[in-house]
Amino acid sequence: EAGVAQSPRYKIIEKRQSVAFWCNPISGHATLYWYQQILGQGPKLLIQFQNNGVVDDSQLPKDRFSAERLKGVDSTLKIQPAKLEDSAVYLCASSLVSTSNQPQHFGDGTRLSIL
Amino acid sequence: DQQVKQNSPSLSVQEGRISILNCDYTNSMFDYFLWYKKYPAEGPTFLISISSIKDKNEDGRFTVFLNKSAKHLSLHIVPSQPGDSAVYFCAASLFGGSNYKLTFGKGTLLTVNP
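Protein chains in written order, with the working numbering: chain S, 1 to 115; chain H, 1001 to 1114.
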């Protein structure tokens, strides 16, 4: 079974620029998550999709972050404009359904550095 | 307000000995707890979980214990191996009305010395 794929692996941009990350979940997984992991912290949920609908975006900074999941498969997360505090690893995860006993499977993440 | 706390940033043990990683939580409504393992430059990998209605779950060398009255869980690794060296995240699951959400601790870096 292929895992969660993310690209790019690394991205360096200057503040106020825009950036986009891509995620391809495990085939058949209905639920997709985007997390932000700041150095020294645990992953923090930004947004959760069930198929192509948003079920939780309460911690997404909507003035600068946006995400979409077209056709219920791939997803993109965008930051525009980026701030210094956005430097982090952005992790995508997927699970079969959003039930508590279904573990989430993570991709290797995109490490974003803001100069 | 940190609902899931891992108070030990790091732990060092000798190969063959027991590793015990601890996690405390504040929200009694959490219904499932999970441990994830993370190697550098890789995403977290699911390791083991436990339902809030149980007090122990075992999978090979890994055992998770849950003490609900103390709001405390621990992960035991016996015997520890050098390949177990990684960051371990404790996570708790909570149903928020329309979805289950995971809250992670800050992680504990385990180093197993040969």
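Be careful, since some hints might not be right.
[To be verified] Reference listing, derived: stretches of chain S covered by chain H, where coverage requires no fewer than 3 residues with Cβ under 8 Å from a Cβ of chain H: (1) 49-59; (2) 69-83; (3) 103-111.
[Unchecked claim] Derived DMTMM-like pairs: lysine to aspartate or glutamate, alpha-carbon spacing no greater than 25 Å straight-line: (4) S:Lys11 x S:Glu68; (5) S:Lys44 x H:Asp1024; (6) H:Lys1071 x H:Glu1058; (7) H:Lys1005 x S:Glu85; (8) H:Lys1005 x S:Asp57; (9) H:Lys1005 x S:Asp56; (10) H:Lys1106 x S:Asp74; (11) S:Lys78 x S:Asp108; (12) S:Lys78 x H:Asp1031; (13) H:Lys1106 x S:Asp57; (14) H:Lys1005 x S:Asp86; (15) S:Lys44 x H:Asp1031; (16) H:Lys1106 x S:Asp56; (17) S:Lys44 x H:Glu1042; (18) S:Lys44 x S:Glu14; (19) S:Lys11 x H:Glu1042; (20) H:Lys1005 x S:Asp108; (21) H:Lys1056 x H:Glu1042; (22) H:Lys1071 x H:Asp1024; (23) H:Lys1056 x H:Asp1024; (24) H:Lys1106 x S:Asp86; (25) H:Lys1106 x S:Asp108.
[Claimed, not checked] Here are the computed distance ranges between Cβ atoms for each label pair: (26) H:Asp1031 x S:Pro61: 41 to 51 Å; (27) H:Gln1014 x S:Lys62: 40 to 50 Å; (28) H:Ser1008 x S:Lys62: 27 to 37 Å.
In short, the hints are calculated from the structure, not lab data.
Even glycine gets a Cβ: it sits at the ideal position worked out from N, Cα and C.
These are the hints, each one checked on the structure:
1. 49-59: holds (count 3)
2. 69-83: Our answer is that it is violated, as 0 residues pass the Cβ test (under 8 Å) against chain H, missing three.
3. 103-111: holds (count 7)
4. S:Lys11 x S:Glu68: The hint holds at about 20 Å.
5. S:Lys44 x H:Asp1024: OK: Lys44 (chain S) and Asp1024 (chain H) at ~18 Å, within 25 Å.
6. H:Lys1071 x H:Glu1058: Status holds; Cα separation ~19 Å.
7. H:Lys1005 x S:Glu85: holds (23 Å)
8. H:Lys1005 x S:Asp57: Distance ~23 Å between Lys1005 (chain H) and Asp57 (chain S) Cα, so the pair holds.
9. H:Lys1005 x S:Asp56: Since the Cα atoms of Lys1005 (chain H) and Asp56 (chain S) sit roughly 23 Å apart, the hinted pair holds (cutoff 25 Å).
10. H:Lys1106 x S:Asp74: With a Cα-Cα distance of about 28 Å, the restraint between Lys1106 (chain H) and Asp74 (chain S) is violated, given a limit of 25 Å.
11. S:Lys78 x S:Asp108: Between Lys78 (chain S) and Asp108 (chain S) the Cα gap is close to 18 Å, so the pair holds against 25 Å.
12. S:Lys78 x H:Asp1031: violated (32 Å)
13. H:Lys1106 x S:Asp57: Cα-Cα ~21 Å, so holds.
14. H:Lys1005 x S:Asp86: holds (23 Å)
15. S:Lys44 x H:Asp1031: Given pair Lys44 (chain S), Asp1031 (chain H) holds - Cα atoms ~19 Å apart, limit 25 Å.
16. H:Lys1106 x S:Asp56: Given that 25 Å is the threshold and the Cα spacing comes to 22 Å, the pair holds.
17. S:Lys44 x H:Glu1042: Distance of about 16 Å is within 25 Å: holds.
18. S:Lys44 x S:Glu14: Cα-Cα ~23 Å, so holds.
19. S:Lys11 x H:Glu1042: holds (16 Å)
20. H:Lys1005 x S:Asp108: holds (24 Å)
21. H:Lys1056 x H:Glu1042: violated (28 Å)
22. H:Lys1071 x H:Asp1024: holds (6 Å)
23. H:Lys1056 x H:Asp1024: Measuring from Cα to Cα gives roughly 16 Å; hence the hint holds.
24. H:Lys1106 x S:Asp86: holds (18 Å)
25. H:Lys1106 x S:Asp108: holds (18 Å)
26. H:Asp1031 x S:Pro61: 41 to 51 Å: Since Asp1031 (chain H) and Pro61 (chain S) have Cβ atoms about 28 Å apart, the given range 41 to 51 Å is violated.
27. H:Gln1014 x S:Lys62: 40 to 50 Å: holds (49 Å)
28. H:Ser1008 x S:Lys62: 27 to 37 Å: holds (36 Å)
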